[in-house]
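Kindly generate the complete structure, drawing on both the sequences and the hints.
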Amino acid sequence: MSEIHAHTVSHVRDTMLPQQAPPITETGVVKWIRENLFSSWLNAILTIISIYVIYRLLAGIVPWFFHSVWSAESLSECRDVLAAKGLGAHDGACFSVLTARWHQMVFGYYPSDLYWRPLLALAVFFVGIAPILFANLPRKMLLITMSVPFICFWLLWGGSIWFPLTTALGFVLGYVAMNFVGKSISPLAGVIAAIVVPLLYWIFVAGALSNGLQDVIPLDIETVQSRKFGGFMLSVIIGLSAIILSLPLGILLALARQSDLFIIKTSAVIFIEVIRGVPLIVWLFTAQLLLNYFLPPGSNFDLTLRVIIMVTLFASAYIAEVVRGGLAALPKGQYEGGDSLGLDYWQSMQLIILPQALKISIPGIVNTFIGLFKDTTLVVFIGLFDPLGIAGAIRATTEWNGIYWELFAFIGLMFFIACFSMGRYSLYLENKLQRENR
Amino acid sequence: MSTLTDPPKPAFRLSQLIYDTRYRSITIQVVALILIIAALYWLANNTVSNLAALGKDFDFGFLSQPAGYDINQMLIEYDNQMSHGRAALVGIMNTLLVAFLGCIAATIIGVFVGVLRLSKNWVVSRLMAVYVEGFRNVPLLLWIILIFAIMSEAMPQPRDFRGAEPAASMILGDSFAITNRGVYLPRLGFTNSLSGDEVVASQDGLTPVASGGLDWLLILATLGISIIAMRFVTNRANLVQQSTGVRPNTLWKNLAIFFVPIGIVLFFLGVVIVRPFLQGFNFTEGTHLRNSLIALWLALSLYTGAFIAEIVRSGILAVSNGQSEAAFALGMQPSKTMKLVILPQAMRVIIPPLISQFLNLTKNSSLAIAVGYMDVRATLGGISISQTGRELEGMLLLGGFYLALSLIISSGMNYYNTRTKLEER
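Residue numbers (the working numbering), protein chains in the order written: chain V, 1 to 438; chain W, 1 to 425.
Keep in mind that the hints were calculated from the coordinates and are not lab data.
Check the hints yourself; a few may be wrong.
As the list claims (entries may be wrong) - Chain W stretches covered by chain V per the calculated footprint, using a threshold of three residues with CB under 8 Å from any CB of chain V: (1) 49–57; (2) 123–133; (3) 139–152; (4) 384–394.
Stated by the list, open to error - Where chain V lies over chain W, by a calculated footprint (3+ residues, C-beta under 8 Å): (5) 17–31; (6) 358–372; (7) 397–406.
The C-beta atom is built at its ideal place from N, Cα and C for all residues, glycine as well.
Quick look at the structure:
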């Protein structure tokens with residue numbers, strides 16, 4: 001073949017051709033559409049069905065949304081405005097119900113001149129939670145965290161400042177007793193003292209002390225009854241207090257369920273399974289109908305508080321299962337390592353096991369919280385005014401009788417924003433943990 | 001020679017109960033037991049004194065008293081002269097019905113959506129993601145109420161179906177009517193019904209037809225026998241294949257075994273389809289699914305389906321690519337690869353959370369209260385309690401029912417888990 005020279009073949013190109021653009025089906029949007037949407041018959045059919053579904057959904061919602069009325073005093077007025085535009089009663093949304101009643105959706109029947117109090121409580125809560133979420137903040141801030149429950153309680157319910165203060169004093173007393181007795185007698189006696197001293201203090205001293213101080217230095221703000229709580233405020237209060245209270249309880253239950261001690265393990269298993277086996281709504285009805293049977297005769301306390309207790313117990317069983325998963329996921333060597341260092345049970349739990357197990361279970365805990373937050377809507381059935389209850393109450397007024405979709409859309413959107421962002425946070429944590437453990 | 005003797009045992013001191021790890025666990029357990037018993041005694045004591053103060057006793061006798069209220073949906077015979085116990089049973093059947101229907105629908109939705117969410121088709125996978133996130137992040141209660149509102153507010157009234165030019169019309173060949181009072185479906189009737197007590201229709205000049213329990217029992221029995229026979233044929237084919245290497249063709253045999261007996265039975269019963277039709281102000285005949293059932297069923301299945309979709313997706317993703325590549329390298333067909341390699345491994349990941357979703361769905365069916373569906377919470381835990389004033393007994397029975405149900409389901413799941421557990425050494 002080496003005899004072939006330029007003059008023996010008919011034509012030899014001596015210049016480079018300019019680069020051609022790739023065919024239109026292989027670039028840009030067309031290629032993307034071909035590969036992603038119409039790669040096969042099945043895919044093409046699916047795409048067309050999906051686009052049709054999206055079109056139907058948007059065709060229903062978008063005009064409804066764009067023809068919405070934002071300023072009207074009642075549903076009939078809103079329909080008049082729509083009719084003046086030549087639209088039917090259901091062709092445009094009456095979001096004016098939100099502008100007129102948003103304060104009820106958010107705060108329930110909380111007195112409107114006191115709205116600053118729940119807002120301030122929320123701000124205090126965020127300050128308190130910051131040192132837990134961000135490890136690089138000064139550890140001293142944890143003291144603020146510990147005082148947050150009492151501050152928030154006082155801000156939300158009002159009344160004398162001495163009640164939460166004297167209650168908080170019980171915890172301080174317990175801490176002091178544990179340190180003092182624990183150092184002077186024995187650690188075990190310290191633990192017993194830390195339980196007994198505050199209990200005695202709360203039962204016999206706290207009430208009198210609180211009343212006495214109130215008489216000497218009256219420091220109080222307006223009391224708000226808990227039946228005035230409602231709307232998203234109520235959901236957030238129930239959800240947050242339940243999750244915060246249920247965390248320690250759930251961790252203890254998980255440890256008990258993993259324990260070698262037969263009686264402790266069995267009682268933890270029974271508690272967890274009974275709580276998880278029965279729907280929340282049955283527990284709520286139990287709180288409403290039966291709790292008075294189980295308490296000493298004559299005792300009667302607030303329905304909201306009862307609900308918080310019930311939801312806390314409910315959530316603690318779920319958290320216990322999540323934490324148990326974390327405990328089970330740790331390699332056995334970690335437990336054995338703790339034992340071989342000569343640490344006792346609580347030390348090895350505190351220093352070795354729980355930090356790792358809790359870290360693994362944080363995404364699960366966040367997911368439990370999302371479920372719990374959604375479940376707070378169930379309190380409507382025992383007569384509390386959660387967002388759905390408020391929506392029913394708004395619908396029962398003469399002005400807004402017959403309004404459905406706008407309220408549902410608003411409630412759904414609020415829950416979606418809250419739960420979706422928490423879900424993303426939990427995903428982010430999961431990914432971060434996976435990267436760290438690699 | 002030294003004699004072997006045990007070292008002298010130190011005398012037991014009381015302090016060992018606290019400081020010696022051998023005895024400490026006993027101490028702790030005894031203390032815990034005493035505390036638990038004390039707490040239970042306190043609760044029981046309070047309950048007894050509270051009941052005494054109210055002049056009530058603890059007695060389940062109310063279950064045999066006449067209930068005196070009607071239930072609008074019943075799978076077993078019931079009228080308001082029957083007992084509270086019977087009413088509770090009707091409620092239990094209704095709970096199980098909606099849970100069963102919900103589990104099936106949620107699984108179908110979940111598998112479809114989970115697979116489609118992994119599709120390379122951008123529009124489809126986005127649409128499925130929107131569905132999953134939308135339903136997962138909004139309370140179930142809101143969905144139930146919303147679907148109920150759509151059914152009862154936006155659907156046509158039965159009277160819209162009448163007239164020469166009706167505002168609404170039945171769909172699928174005049175068989176289904178979707179109204180604001182519920183959905184009306186066609187049902188099967190038998191001209192030669194075995195029980196024949198319950199006359200259903202004399203529609204369009206047809207002979208009267210009936211449909212009773214005996215007919216359905218016969219049909220179910222026939223189907224059951226056919227299925228057992230089909231398994232027998234398949235097992236024989238397996239044996240033949242193992243001994244000779246050639247698998248006999250079983251398709252036609254199986255089809256014949258399935259369709260011929262049931263066809264004969266249906267022919268002799270004289271099966272006809274009874275369509276719902278408008279009579280007066282409402283539809284009659286056919287099967288009536290109430291709005292409450294539809295709303296609860298749809299909302300439960302759509303909500304749980306979103307969770308199941310995520311489970312299915314993660315199950316498929318959990319089987320590594322190498323598994324299917326290895327199967328192809330061994331020369332397996334794609335269908336066999338799916339059946340023998342991928343699915344068994346994915347199922348191990350999918351089934352346990354799937355069953356706990358079924359459990360959640362069953363428990364969530366108690367939200368029937370939002371739409372007035374008469375489930376066990378509404379009968380036993382609702383009307384019966386308020387009529388007899390037996391809160392304690394009623395709630396105990398109600399809780400016991402849900403607890404038993406979830407224990408049964410979760411013990412089934414534990415059995416599955418131990419059976420499919422990977423052997424680890």
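Structure-based check of all given hints:
Residue count for the segment 49–57 of chain W with a Cβ under 8 Å from a Cβ of chain V: 4. That meets the three needed, and the coverage hint holds. Coverage of the segment 123–133 of chain W by chain V holds. Counting CB-CB distances below 8 Å, 4 residues qualify, and the rule asks for three or more. With 7 residues having a Cβ less than 8 Å from any Cβ of chain V, the segment 139–152 of chain W passes the three-residue criterion, so the hint holds. Only residues whose C-beta sits within less than 8 Å of a C-beta in chain V count toward coverage, and the segment 384–394 of chain W has 3 of them, enough to reach three; the restraint holds.
Remark: the segment 17–31 of chain W is confirmed as covered by chain V, as 4 of its residues place a Cβ nearer than 8 Å to a Cβ of that chain, reaching the required three. Taking a C-beta to C-beta cut-off of 8 Å, the segment 358–372 of chain W contributes 6 residues in contact with chain V, enough for the three needed, and the coverage statement holds. Counting residues of the segment 397–406 of chain W whose C-beta lies closer than 8 Å to any C-beta of chain V gives 6; at least three are required, and the coverage claim holds.
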